[in-house]
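Each protein sequence line maps, in turn, to chains P and B.
Quick note: the first sequence uses my numbering, first residue 106, plus one each step.
Quick note: the second sequence uses my numbering, first residue 9, plus one each step.
If you're looking for bench data, these hints aren't it; they were derived computationally from the structure.
A couple of the hints might just be wrong.
Looking from chain B toward chain P, a few residues come up when the C-beta cut is under 8 Å (computed) [as the list claims (entries may be wrong)]:
1) GLY50
2) LEU51
3) PHE53
4) GLU60
5) THR61
6) ASN64
7) GLY66
8) LEU98
9) GLY105
10) ASN106
11) PRO108
12) PHE111
13) GLY112
14) ARG116
Please read all numbers here as calculations on a predicted model, not as lab measurements.
For every residue, glycine included, the Cβ atom is placed at its ideal position computed from N, Cα and C.
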Amino acid sequence: AQRVTQPEKLLSVFKGAPVELKCNYSYSGSPELFWYVQYSRQRLQLLLRHISRESIKGFTADLNKGETSFHLKKPFAQEEDSAMYYCALRAGNNRKLIWGLGTSLAVNP
Amino acid sequence: KAGVTQTPRYLIKTRGQQVTLSCSPISGHRSVSWYQQTPGQGLQFLFEYFSETQRNKGNFPGRFSGRQFSNSRSEMNVSTLELGDSALYLCASSPDGNSPLHFGNGTRLTVT
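The task is simple: from the sequences and hints, build the whole structure.
Following this line, the structure appears as C-alpha cells:
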C-alpha cells in the first residue's frame, strides 16, 4: 500500500539554524512528490514539487528513490518559516494524493 | 482570480442528520477534489470530480457522496451523520487534476 510517513510531529529550531523536515514514502513505482505548507490562519498551499527541481523560499527537496525519501531542507531557517508542512505522494496515474500527517515547524528567535 | 471558496465555514449537526457542503473552484479549473482532515488520520482523499464526472474515489462509505455541476462547482453530501464524521472538509481545485492543488479554507463540521 502507498504510504507517506513524516516521523516528526513537531520540529523546533532557532532562527538561522539549518532545518530538515523528513518525509519517507512507500511506493514501488515512480512517484510524484510534493511539499505543501500551511501558515497560521492561511490555507494549505503548494510549496514545491520534485519534478520542478526548484528552490522556493530557500527550501529544496530532493527525491531519493533508493531511500524512498523526499526530505525538505533549508540552510538557514527564518521565523516566517514557522508553519505546518505536509508531504504528499501521487502514485502512478491515480490523481489522488496520499498525505503524511504533517510536521509543525517552529522557528524560535 | 478569486480563490477556492467553501461554504459554510462552520456547521454543527446532530447524529443521523445529513449535510451538504459547497465548493466553488478557481475560475477555469475543471477538477475538484475533496479531502477529510482529522487530527488522528490527517488528510484523507474522498473523491475527485472532473467535468461533472467522478474520476476517482477514496475509501469512504457510501454515506459520503458528491457531485459537480456544469460550472465546475461541487457539492459534497454526508448522510446519516456519525460522531466520527466531525472533521475539517477541504476542497481543492486544479485545471486538470494533474496540476498542483489549490485549497479552500475548509468547512469545519461538528457532529454532536
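Restraint satisfaction for PRO108(B) [CB to CB of chain P, less than 8 Å]: holds, 4 Å
Restraint check, 8 Å cut-off on beta carbons, for PHE111(B) near chain P: holds, 4 Å
Evaluation of the interface hint that places ASN106(B) against chain P, nearest CB under 8 Å: holds, 6 Å
Status of the LEU51(B) interface restraint (C-beta, 8 Å, chain P): holds, 4 Å
Closest C-beta approach of GLU60(B) to chain P relative to 8 Å, hint status: violated, 16 Å
Closest C-beta approach of ASN64(B) to chain P relative to 8 Å, hint status: Holds. Min distance 5 Å.
Chain P contact restraint on GLY66(B) - CB to CB distance below 8 Å: Hint on GLY66(B): holds, closest Cβ of chain P at ~6 Å, below 8 Å.
THR61(B) as chain P interface residue, shortest Cβ-Cβ below 8 Å: violated, 13 Å
Interface hint compliance - PHE53(B) to chain P, C-beta minimum distance less than 8 Å: holds, 4 Å
Minimum beta-carbon distance criterion (8 Å), GLY112(B) to chain P: holds, 7 Å
Interface hint compliance - ARG116(B) to chain P, C-beta minimum distance less than 8 Å: Cβ of ARG116(B) sits 13 Å from chain P, so the hint is violated.
Interface hint for LEU98(B), Cβ within 8 Å of any Cβ on chain P: holds, 7 Å
In terms of the numbered hints stated before, the structure departs from hints 4, 5, 14, listed from lowest to highest.
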